[in-house]
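2 protein chains.
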Amino acid sequence: MEKRPGGRSARVRDAVRQATLTELAEHGYSGLTVENVAIRSGVHKTTVYRRWGSAEGLIADALELARQEPWPVPDTGSLKEDLREIARLVQSGFADPVAGPVSAAFVTAAVQSSGAARSLHDFFVARHEQAAVVVRRAVDRGELPAGTDVADVIRTAVAPIYYRLFITREPVTERDAERAADAAFAAARAGVIR
Amino acid sequence: MEKRPGGRSARVRDAVRQATLTELAEHGYSGLTVENVAIRSGVHKTTVYRRWGSAEGLIADALELARQEPWPVPDTGSLKEDLREIARLVQSGFADPVAGPVSAAFVTAAVQSSGAARSLHDFFVARHEQAAVVVRRAVDRGELPAGTDVADVIRTAVAPIYYRLFITREPVTERDAERAADAAFAAARAGVIR
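So the sequences go chain by chain: A and B. The first sequence begins at 103 in the working numbering and counts up by one. The second sequence begins at 103 in the working numbering and counts up by one.
Bear in mind the hints are in silico, worked out from the structure with no lab data behind them. Ideal placement from N, C-alpha and C gives every residue a C-beta, glycine not left out. Treat the hints loosely; a few may be bogus.
Just the calculated beta-carbon pair ranges, DEER-fashion [stated by the list, open to error]:
(1) A:GLY244 / B:GLU128: 48 to 56 angstroms
(2) B:VAL175 / A:ALA112: 33 to 41 angstroms
(3) A:ASP177 / B:GLU128: 29 to 37 angstroms
Listing some non-contacts, in silico: residues in chain B with all C-beta distances to chain A over 10 angstroms [unchecked claim]:
(4) SER132
(5) GLY144
(6) VAL175
(7) ALA212
(8) VAL241
(9) THR258
(10) ASP284
(11) ALA285
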């Protein structure tokens, strides 16, 4: 009897996804192969080839599953604190010795593969949508002007973290994350993010 | 008689740099090879190997030369306009059919090579320093509070452009660039970038 929703197919998909994440954490995108994911997941290589095709397909599916996962949207009652919490979540995620390399591998994959770039784009559209709830609430309670571009407040709050990590290659502290969030908050309050 | 400063060595370096930029524009980082740069520059392959060693060395030197180049620092008398000008410069640079792919190739190179990442870091340290002059002037004329982190105002003004281009893979319009600049200006005025 199946105990988990989705049955065997979902179990296989989950095993492949877990193996993909572990391979990414250990070897990065350039080391991600269907062979290694098959070995690690215990799923037959021909099955992995047939359903996922390539490293690009494995990335796409891992991001698709990540996109559907619940995400801890803060609700402190203050937009400033909510944005700080989101920025800290991004910063600490990349600093995490396990989750960090996986997230970085997705960005690397997107730079090297247009398929992975599309998957990452879709992931971020969903993530902005999830996170923008905190901004929408702030508009509703009158903390921000109507007409605020809610997704752009999120972009503004997290962009400096990614900029330091992947473009200028500078360290990112919790303080840097909070300052980015505070800047987004101040700009949104001033009514320029619309 | 030498007409250009630096003589033969500088001419060779310049030819190799130009060839590197053209190769990057046409084939990206993954297509950059010492062989192709030698052919295109007319510099002997053994010379290119000896002085630059690899694609990574070619990238490092091209970024080193770019770092030393003058950069059109705006001086409109208004920080808001100066920041908008800087953000538009970044946005239009990436949108340019020739310069855009080269700049993108540097980011791609940094993702794939730690040597290129170090070079890109050094490049951005210098570029922030150059651009931060507009912020320092604004502090001096009392437009911004003393204690403002001048380089971080620049980061805040341009980070959303890079975030859209290389992370979320969203289009970037001139309006997006100006909004990022306006957000940085509002945040700096509010005294939160320090």
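Checked hints:
1. At about 54 angstroms, the beta-carbon gap between GLY244 of chain A and GLU128 of chain B stays in the expected band of 48 to 56 angstroms.
2. Checked against the hint of 33 to 41 angstroms, the C-beta distance between VAL175 of chain B and ALA112 of chain A comes to roughly 57 angstroms, which is inconsistent with it.
3. Distance hint check for ASP177 of chain A and GLU128 of chain B: the Cβ-Cβ separation is about 50 angstroms, which falls outside the suggested range of 29 to 37 angstroms.
4. The beta carbon of SER132 of chain B sits about 8 angstroms from the closest Cβ of chain A, which is not more than 10 angstroms, so the claim that it is off the interface is violated.
5. Once the 10 angstroms rule is applied to beta carbons, GLY144 of chain B is consistent with being away from chain A; the minimum gap is 31 angstroms.
6. The claim that VAL175 of chain B is not at the interface with chain A holds, since no C-beta of that chain comes within 10 angstroms of its own (minimum 18 angstroms).
7. At roughly 7 angstroms from the closest C-beta of chain A, the C-beta of ALA212 of chain B falls inside 10 angstroms, breaking its exclusion from the interface.
8. Every Cβ of chain A is farther than 10 angstroms from the Cβ of VAL241 of chain B; the closest lies at roughly 16 angstroms, confirming the non-interface assignment.
9. Distance to chain A contradicts THR258 of chain B as a non-interface residue, since its nearest Cβ pair spans about 5 angstroms, not more than 10 angstroms.
10. At the 10 angstroms boundary, the C-beta of ASP284 of chain B falls inside the reach of chain A, the nearest C-beta of that chain being 4 angstroms off.
11. With a cut of 10 angstroms on Cβ distances, ALA285 of chain B falls inside the contact zone with chain A, its closest approach being about 4 angstroms.
Hint violations for this structure: numbers 2, 3, 4, 7, 9, 10 and 11, all remaining hints satisfied.
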